[in-house]
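Novice: Chain residues, written in single-letter form:
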Amino acid sequence: MTHQVGRRGFLAGASALFLGACSKVADTKIGGTLLNSADKWHQKIHRSLSDRMALAREYTKAEISPTFRGNGSRTVGTEAYAASLANGFTDWRLEVRGMVDTPLSLSMENLRALPQRTQITRHDCVEGWSAIGEWTGPQLSVLLEAAGVQDGAKFVVFRCADNLNGQDYYESVDMIDAYHPQTIVAHMLNGEPLPEKNGAPLRMRIERQLGYKHPKYLTAIELVDTLDNIGEGEGGYWEDRSGYQWYAGI
Amino acid sequence: MSKPVKRHGLITRLWHWVNVITLTVLFMSGLNISNAHRYLYWGNYGFDPADAWTSVIRFPGWATIPGYYSLAEARDWHILMAWPFAIGLLVMWIAMLVSGHFWRDIRTHISEWKPAAIKRDIIEHLKLNFDHGDAKYNFLQKITYGIVLGVLLPGMIFTGLAISPGFEPAAPWLVDILGGRQSARSIHFIFSWALFAFFVVHVVLVLLAGPIGQIRDMITGGKQ
Numbered sequence: 001m002t003h004q005v006g007r008r009g010f011l012a013g014a015s016a017l018f019l020g021a022c023s024k025v026a027d028t029k030i031g032g033t034l035l036n037s038a039d040k041w042h043q044k045i046h047r048s049l050s051d052r053m054a055l056a057r058e059y060t061k062a063e064i065s066p067t068f069r070g071n072g073s074r075t076v077g078t079e080a081y082a083a084s085l086a087n088g089f090t091d092w093r094l095e096v097r098g099m100v101d102t103p104l105s106l107s108m109e110n111l112r113a114l115p116q117r118t119q120i121t122r123h124d125c126v127e128g129w130s131a132i133g134e135w136t137g138p139q140l141s142v143l144l145e146a147a148g149v150q151d152g153a154k155f156v157v158f159r160c161a162d163n164l165n166g167q168d169y170y171e172s173v174d175m176i177d178a179y180h181p182q183t184i185v186a187h188m189l190n191g192e193p194l195p196e197k198n199g200a201p202l203r204m205r206i207e208r209q210l211g212y213k214h215p216k217y218l219t220a221i222e223l224v225d226t227l228d229n230i231g232e233g234e235g236g237y238w239e240d241r242s243g244y245q246w247y248a249g250i
Numbered sequence: 001m002s003k004p005v006k007r008h009g010l011i012t013r014l015w016h017w018v019n020v021i022t023l024t025v026l027f028m029s030g031l032n033i034s035n036a037h038r039y040l041y042w043g044n045y046g047f048d049p050a051d052a053w054t055s056v057i058r059f060p061g062w063a064t065i066p067g068y069y070s071l072a073e074a075r076d077w078h079i080l081m082a083w084p085f086a087i088g089l090l091v092m093w094i095a096m097l098v099s100g101h102f103w104r105d106i107r108t109h110i111s112e113w114k115p116a117a118i119k120r121d122i123i124e125h126l127k128l129n130f131d132h133g134d135a136k137y138n139f140l141q142k143i144t145y146g147i148v149l150g151v152l153l154p155g156m157i158f159t160g161l162a163i164s165p166g167f168e169p170a171a172p173w174l175v176d177i178l179g180g181r182q183s184a185r186s187i188h189f190i191f192s193w194a195l196f197a198f199f200v201v202h203v204v205l206v207l208l209a210g211p212i213g214q215i216r217d218m219i220t221g222g223k224q
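Chains C and D, in that order, give the protein sequences. Just so it is clear: in the first sequence, position 172 is 172 by the numbering used here, and no numbers are missing. Just so it is clear: in the second sequence, position 105 is 105 by the numbering used here, and no numbers are missing.
No lab work stands behind these hints: they were computed from the structure. Predicted model only: the values in this text are computed from it and were never measured. Note that the Cβ used here is the ideal one computed from N, Cα and C, for glycine as well. Honestly, I wouldn't trust all of these hints.
As the list claims (entries may be wrong) - Covered by chain C, per the in silico footprint, the following chain D stretches (three or more residues, Cβ under 8 Å): (1) 21 to 31; (2) 36 to 49; (3) 85 to 93; (4) 106 to 116; (5) 161 to 167; (6) 204 to 214.
To be verified - Interface residues of chain D toward chain C, partial, derived using beta-carbon atoms under 10 Å: (7) Glu73; (8) Arg75; (9) Gly150; (10) Pro154; (11) Ala171; (12) Arg185; (13) Ala194; (14) Ala197.
Claimed, not checked - Partner residues are not named here, just some residues of chain C that face chain D (Cβ under 10 Å, in silico): (15) Ala16; (16) Asn36; (17) Arg47; (18) Leu49; (19) Ser65; (20) Phe68; (21) Gly72; (22) Thr75; (23) Gly77; (24) Gln245.
Taking the hints into account, I'd like the entire structure generated from these sequences.
Specialist: Right, here's the structure in full:
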């Protein structure tokens, strides 16, 4: 009995020593930089391994998961949102603004009138789980071409109606992911209008990246030349709040 | 092929100690990542605990990197350490093939696959008799090293890559042969514990075989 405690104590002690060393490494300038900048190389490496426009896998209807889990914000939770939900989002507007020649304010009807893309893809959460669903909506590239992106715009920022822990959700991608053919503004899931828990009425699909890069309850698409002045400057809600990698391809 | 003078080659020794660090960080940060969603599935999708083939315990802080729950920091450590681990394994495999270490010492021969011989080997092991005769490693060691070097370690890299949605377009076949992303994730988890089991047996045998001499030889190279 004492022997067992001793062994467990030794293991815990050894791991504490190791943990201590690890936190020391993370605190040094080189260690911290290495840990934080690795996602930039991983993005470059992923993009050098396959075509920049290489498609994420698309599945057949038979492979769609029985339900599609809602995670993070499952509603916006305001009275205005409840009213919009009740009236079928007839008053919802999606703005395209920032570094564009022609800012746009689009209704759901406007978005449904655009050419649509339907794709059955797998959604991978950073936590580890996956769900498969069929998404429908216009490609982001169509909206960007309609608005006329100005020279010098480097990122697309997605503004959302949901507020988590006192901060408005937002996300961002670079122009390569913005123009990717599978990057769509989805208004349908599995042939039905987007359910509330999955981001009604609009959510981005940034296939090839993890779930937190797919913002829900979308209100605006903003073209910017830097992410420094947005939120806390890390490019997204979870990036600011918890230090998640901005490139979420792993 | 000249016979190496040392018991362990320089690359073997460097690789061994690099692995002590990389595998420890990978395993402990992996346990932190496991805490984020403690259910494992087979196939392409899986999110409902009711569909899981197993649920995993919540690993305590002393077993994880960092020592508190942080999926973001654990992922930073895990993904960074995967590089020296993967490059080290590649270098080791090239070195083993080029130097002949693999062909000479690790590859098994048909003559060794006789039930009677295997049985004798197991009995000798249980008696803690580690005399190898003329060969560098006995049959059980060869099989174990073969599984670790050829299946478990490369398997960790390939199943890890298959979990990455950004890597998948480069090699969708990899996800297919593993049976889908959630299967790859399950195999990643199983292999990591198989490696932990190897680690435990390895350390126990080193302790039984004389830890001071064993560790000294893994540092200095020792004598053949």
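Novice: Confirm or reject each hint.
Specialist: The hints, checked one at a time:
Check result for the segment 21 to 31 of chain D against chain C: holds, 3 residues qualifying (beta carbon to beta carbon below 8 Å, three or more required). Counting residues of the segment 36 to 49 of chain D whose CB lies closer than 8 Å to any CB of chain C gives 9, so the stated coverage by that chain holds, three being the minimum. Under a criterion of three residues with beta carbons nearer than 8 Å to beta carbons of chain C, the stated coverage of the segment 85 to 93 of chain D fails, only 0 such residues being counted. Residue count for the segment 106 to 116 of chain D with a Cβ under 8 Å from a Cβ of chain C: 0. That is fewer than the three needed, and the coverage hint is violated.
For the segment 161 to 167 of chain D, the stated coverage by chain C is satisfied: 5 residues place a CB nearer than 8 Å to a CB of that chain, which reaches the threshold of 3. Against chain C, the segment 204 to 214 of chain D contributes 0 residues with a C-beta closer than 8 Å to a partner C-beta. That does not satisfy the three-residue criterion, and the hint is violated. For Glu73(D), the interface hint holds, the least distance from its beta-carbon to any beta-carbon of chain C being 7 Å, beneath 10 Å. Among the interface hints, the one on Arg75(D) holds; its C-beta lies about 7 Å from the nearest C-beta in chain C, closer than the 10 Å criterion.
Interface restraint check: Gly150(D) against chain C, minimum CB-CB distance 24 Å, threshold 10 Å, status violated. Contact between Pro154(D) and chain C, as hinted, is not supported at the beta carbon level, the nearest pair being about 18 Å apart and thus beyond 10 Å. Given the 10 Å rule on beta carbons, the hint for Ala171(D) holds: about 8 Å separates it from the nearest Cβ of chain C. The interface hint given for Arg185(D) is met, as the beta carbon of that residue sits about 6 Å from the closest beta carbon of chain C, less than 10 Å.
Hint on Ala194(D) is violated. Least Cβ distance to chain C is approximately 19 Å, over the 10 Å limit. Hint on Ala197(D) is violated. Least Cβ distance to chain C is approximately 15 Å, over the 10 Å limit. For Ala16(C), the interface hint holds, the least distance from its beta-carbon to any beta-carbon of chain D being 6 Å, beneath 10 Å. Look at Asn36(C): its Cβ gets to within about 7 Å of chain D, closer than 10 Å, so that hint holds up.
Given hint, Arg47(C) at the interface with chain D, holds; its Cβ is 8 Å from that chain's nearest Cβ, closer than 10 Å. Taken as an interface hint, Leu49(C) checks out: its beta carbon lies about 4 Å from the nearest beta carbon of chain D, inside 10 Å. Satisfaction of the interface hint for Ser65(C) is found here, the shortest Cβ-Cβ separation to chain D being roughly 4 Å, below the 10 Å cut-off. At a threshold of 10 Å, the smallest CB-CB gap from Phe68(C) to chain D is about 9 Å, leaving the interface hint in force.
With a least beta-carbon distance of about 13 Å to chain D, the hint placing Gly72(C) at the interface is violated under the 10 Å criterion. About 19 Å separates the beta-carbon of Thr75(C) from the nearest beta-carbon of chain D, more than 10 Å, and the hint is not met. At its closest, the beta carbon of Gly77(C) sits 23 Å from a beta carbon of chain D; the interface hint therefore is violated under the 10 Å criterion. Interface hint at Gln245(C): satisfied, since its Cβ lies 7 Å from the closest Cβ of chain D, which is below the 10 Å cut-off.
Violated hints for the displayed structure, listed by number in ascending order: 3, 4, 6, 9, 10, 13, 14, 21, 22 and 23.
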